[in-house]
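Student: Chain residues, written in single-letter form:
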Amino acid sequence: MATDNVATDSGATDNGAKPAAFSPAGVRVPVIQNPLFEYLLRLGDDRLILGHRMSEWCGHGPILEEDIAMSNIALDLVGHASAVLALAGTVEGRGRNEDALAYFRDGVAFRNALIVELPNGDFAFTMMRQFLFDAYSVLLWDALSQAADARVAALAAKSLKEDKYHVRHSSEWVVRLGDGTDESHARAQQALDALWRYTGELFDHDAVDDAVAAHGIIVDHVALKARWLGIVDDVLQRATLVKPTDGPMRRGGRAGRHTEHLGHLLSEMQIVARSHPGAAW
Amino acid sequence: MSETSLTNDAVFAVLNTVMDPEVPVISVVELGIIRDVRVEQDTVYVTVTPTYSGCPAMHEIEADIRTALLAHGARAVIVNTVFAPAWTTDWIGPEAREKLRAYGIAPPGRAEPQGLITLTRARAAVACPFCGSHDTRLQSEFGSTACKAIHVCNACRQPFDEFKAF
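Here the protein sequences come in this chain order: A and B.
Take the first sequence: its position 3, counting from 1, is numbered 3 in our numbering, and each next residue is one higher.
Position in the second sequence counted from 1, then plus 281, gives you our numbering.
Only chain A is shown next, with the shape it has when bound in the complex:
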């Protein structure tokens, strides 16, 4: 189940960024050389890591249809990640393709939000996390489908169609579990309570978001969060679940400061590619 341990800031990076500079006030100000690349890594890594988590259910789903659904969703997410990371590699211009970015970066170079790397826990935790992310993801793709960068807009419009299926699936499960038995209700509420502190990071707005506005990628995170809360409130009400009160939020993934769980995930995800570099089949 989720832990609150967040790795300490190592400052190391192989994304081509210079080490962080310090402003006179002592506030850490990262130097962003290629904000569009950085932005695309965030977008791609969220989906790669969540897709990998979902794929861990393959062969372990509670019923056959659900096992198939989870594997389908995992494939979609990895597909989105693949397209986004391929574009990231092009934008970076250092000859790295999507496989190089997925399999040959270390944890500190990953830019996913912490919520997607948390272990799956039970089915309620997996589905609650999926719902919280899916609702955010459809809104984000919807916003990005208006991006002036045609490459980003095309990927967003494409991915949005698939994510609509995902959010319907995960929200139906949240309602079914929350408004189900005492056991399923308790587990769904427990999952929601544990996950809530990881939701804030999804709506953080920083210098990278400011900088990609030059590429016509303009996402109003305040408005996005308001729309997200509208969806979440509606589903939680149907599910007879109680939305947790906002407390301190866990963050760090966007800057490469991850939980201990990411390293374990990567060791499994990357081992074949690293053991047999260049292998094709």
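Be aware that one or more of the hints could be misleading.
Cβ-Cβ distance ranges computed for the label pairs, FRET-style [to be verified]: (1) B/C437 / A/A279: 31 to 37 Å; (2) B/C412 / A/A100: 50 to 56 Å; (3) B/R319 / A/I63: 45 to 51 Å; (4) B/D323 / A/E65: 45 to 51 Å; (5) B/P394 / A/D246: 32 to 38 Å; (6) A/G247 / B/I359: 52 to 58 Å; (7) A/G263 / B/N361: 35 to 41 Å; (8) B/P305 / A/G216: 38 to 44 Å; (9) A/W281 / B/T399: 36 to 42 Å; (10) B/T399 / A/M249: 27 to 33 Å; (11) B/H415 / A/A279: 46 to 52 Å; (12) B/Q420 / A/G247: 38 to 44 Å; (13) A/I63 / B/G354: 46 to 52 Å.
Hints in this document: simulated from the structure, not taken from any laboratory.
No residue lacks a Cβ here, since even glycine has one placed at the ideal position from N, Cα and C.
Once you have looked at the hints, place chain B on chain A.
Tutor: Only chain B this time, still in chain A's reference frame:
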């Protein structure tokens, strides 16, 4: 002899023989994923769009397209992928839909524009491809491949795939 005689029409004729590996009764042309074809000297450029982002069959399809065209006189084949406009099942024509039905897969309905979040799928029941009954129920929106949903016919008790409207 050495001149490539492939015209655009000839390329399409070849592509019409390249079947979707997951649904081997309709071709990649009928599926609507061939967006453009261009022949320049000995090289054939084919622009495809993916059905679903994570569909593993896309790699297979690209290899099949290349193999088929090389076997029919192309010296080189370059397959490009585009994401916009996003593929929709509305590009599957009436004849291909009938082939799907005859194969035991309910053809897709119209891909209605839907809101961002639709909690329950409000749409008419899908007709059973085996007995034609509309007394069917949706079992899961995710099926044996990314493009299919699973239904069960209450009349003839047969579970069946639907090529989902997308």
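Student: Each hint: holds or not?
Tutor: For each hint, the structure was consulted:
Look at B/C437 against A/A279: about 47 Å separates their beta carbons, and that is not inside 31 to 37 Å. With their beta carbons about 52 Å apart, B/C412 and A/A100 fall inside the hinted range of 50 to 56 Å. The hint said 45 to 51 Å for the Cβ distance between B/R319 and A/I63, and at roughly 48 Å that hint holds. In this structure the supplied range 45 to 51 Å holds for B/D323 paired with A/E65, their Cβ-Cβ distance being about 49 Å.
Taken as a hint, the range 32 to 38 Å holds for the pair B/P394 and A/D246, whose Cβ atoms sit roughly 34 Å apart. For the pair A/G247 and B/I359, the supplied restraint of 52 to 58 Å holds, since their beta-carbon distance comes to about 55 Å. Judged by the Cβ atoms, the range 35 to 41 Å given for A/G263 and B/N361 holds: they are separated by roughly 37 Å. Restraint check, B/P305 to A/G216: a C-beta distance of roughly 42 Å satisfies the suggested window 38 to 44 Å.
Against the hinted window of 36 to 42 Å, the Cβ-Cβ separation of A/W281 and B/T399 comes to about 39 Å, which satisfies the hint. Distance hint check for B/T399 and A/M249: the Cβ-Cβ separation is about 29 Å, which falls inside the suggested range of 27 to 33 Å. Checked against the hint of 46 to 52 Å, the C-beta distance between B/H415 and A/A279 comes to roughly 50 Å, which is consistent with it. A hinted range of 38 to 44 Å holds for the C-beta pair B/Q420 and A/G247, which are about 40 Å apart.
Here the CB-CB span from A/I63 to B/G354 is close to 51 Å, well matched to the stated 46 to 52 Å.
Consistency with the previously given hints fails for number 1 only.
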